[in-house]
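J.: Listed below are the residues making up each chain.
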Amino acid sequence: MNYVVQRLLTFPLILLGVSILVFVSIRLIPGDAITAMLGTEAGLLTPAQRETLAAYFGIDQPIWSQYLRWLGGLFSGDLGISSIYGKPVLTVVLERFPLTLQLSLMSMAISLSVGIPLGVLAASRNERPSDLLVRVLAMLGQSTPSFVIGILTIYVLSVFFGFVPAMGTFTPFFADPLASFGQLIFPAITLGFAFAASVTRITRSAMLDVLSDDYVRTARSKGASPGSVIWRHALPNALIPVVTLSGVEFGYLLGGAVIVEQIFALPGLGRLVLDAITQRDYALVQGTILFIAFNFLVVNLLVDLAYVALDPRIRIGGDNGQNGFRISPSSLRPHRCRDHRALSPRGHSGVARLDAT
Amino acid sequence: MTPHDPLKLFAIDRLKGPNGTYWFGTDLLGRDAFSRLIIGIRQSMIIAFAAVGIATLAGTIIGLLSAWWGGIWDGIFMRIMDVLLAFPAILLALLIIAIVGPGTMTSVAAIAIVYTPIFARVVRGPALSLKQRDFVDAARTFGSSQGFILSRHLLLNLVAPLAVQVTLALAWALLTEAGLSFLGLGTQPPTPSLGLMLAESRNLMQHAPWLMIFPALTIMLGILGFNLTGDALRDILDPRTQRREA
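Each protein sequence line maps, in turn, to chains W and G. For the first sequence, this note's numbering assigns the number 342 to the initial residue and increments by one for each residue that follows. For the second sequence, this note's numbering assigns the number 35 to the initial residue and increments by one for each residue that follows.
Derived from the structure by calculation, the hints contain no laboratory data. Each hint should be verified, as a subset may be incorrect.
With beta-carbon atoms standing in for the labels, derived distance ranges [what the hints assert, rightly or not]:
#1 Pro518/W x Ser163/G: 37 to 43 Å
#2 Glu382/W x Gln240/G: 41 to 47 Å
#3 Thr387/W x Gln222/G: 32 to 38 Å
#4 Trp405/W x Arg167/G: 40 to 46 Å
Just so it is clear, CB atoms sit at the ideal spot from N, CA and C, and this is done for glycine as well.
Whole structure, please, built from the sequences with the hints as guidance.
T.: As structure tokens, this is what we get:
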């Protein structure tokens, strides 16, 4: 079947599965919902009051009808009421989203502007000292958890520079771009660091692939300058896997950088999930996780479609990776592993990291 | 194994820097950081190995059966795996922890569940193509049992990609475990764990940086070790990448 059609058809199916999983898992939590909502005060309720409340929240209905009601609510944007904030879950989530979005964009920008030049440099000086240095740094970068980088950043800043990053609040970008930028720059560096390492690795490996291709040799032999061969002829083709990697990474980042947001005390989506879990606000847990999973799925879908646009062979579906026309590491090919996590936990170069999350 | 009891409070020696008695110093409560680190490493490794072990087993079985039975079973299994993959990994772990409550067993379960679909995918792909190879047909005509074909002919041919994946998964599990306990949702105090030690050191970093530096370095080294092993294994086992370190 055509890859695009297949991908578009399974999308709503997976979304439905995700909603069932989230719904059921929240219902699996021991104890009834009314006790969970009221805490110790639930002990003061008479049985009649309990029944009224159960009827009010619809939890006296069988589980499938509860699910259908909940699903119906989702379509009109009704994710329930958060018990911590006393506001609709969607409102709370949308309040937190701008920070996470801006943080994701900033760390993407940082990692791409560091990773791509480094990867190109390493590939063009294959097996020379500068290549080895970049490779060692990239490996170290990928093996350093974001919370270690975050803590070290704060340590260095506060101990050596007497500077403590602003924490706890967030100025929206459109209110004061500079302040907002300043608040997020260190968390963005923290997040971007680890991702820069994987961008470097994937760029290097893709560049090495491309540089050994015939058309690059042709370009060289017709007298194109080394710089022009690398930047004009080779890099555009080598960037295809980088685009895929970035898309997948962006999906992760949008899911909220739970740990980094926690370290820098940023009120983003990841921290919202964490607070909701520790304070047992189940409607909020459910709503936020659903929102994040939705974003994640949409971004993944867009990445796969972008890949098809960039690499026409997938559209035809006949490529089996053996036609000698290599433009990307095989592990990134969507037709081989549609979800990019299939071959490697972090979805890309095979090396594990816990960056965004 | 440890020079001191990792839980014992040496009240007079609180927040001592690294010295001959307490190699990596002591924490706010006067506990020996070196002993805690050793127990923490053990804790992290147990969780990582247990979780990856379960995930490998479950993922391999699901992937193999999915490929072998095909048809509707393949569809059902793989759609369930797709749903699990639709969550950013740590969120799925957090969702599971939200249900069961934090703890060592929960960490193992959460990491295992997060990782199972990845193994299922890794196994299913190659298993599908192996299934159509002549030697499998030959085995069938000999009258080999399904179990024998699955374990001998399919599984043995999948050992190489699995080995790579297991090593990388261990690095990832170590990271997740450290991350979860750093958030206070993994190993619960007073049991020492690397992530927890790091989290506790945050408020003291100006006065006692050693409490932060040693656990941080340990986590990095552990992950680096698994990552390097995984990379090397892939280069050795996968002929396509033989001349290249991705």
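J.: Using the Cβ atoms, figure out if Pro518/W sits within 37 to 43 Å of Ser163/G.
T.: violated (53 Å)
J.: Using the Cβ atoms, figure out if Thr387/W sits within 32 to 38 Å of Gln222/G.
T.: For Thr387/W and Gln222/G the Cβ distance comes to about 37 Å; the hint holds.
J.: Go ahead and decide if the range 41 to 47 Å is satisfied by the Cβ distance of Glu382/W to Gln240/G.
T.: holds (42 Å)
J.: Between Trp405/W and Arg167/G, is the Cβ distance one that fits in 40 to 46 Å?
T.: At roughly 44 Å between Cβ atoms, Arg167/G and Trp405/W fall inside 40 to 46 Å, so the hint holds.
The structure fails hint 1 only (numbered hints given earlier).
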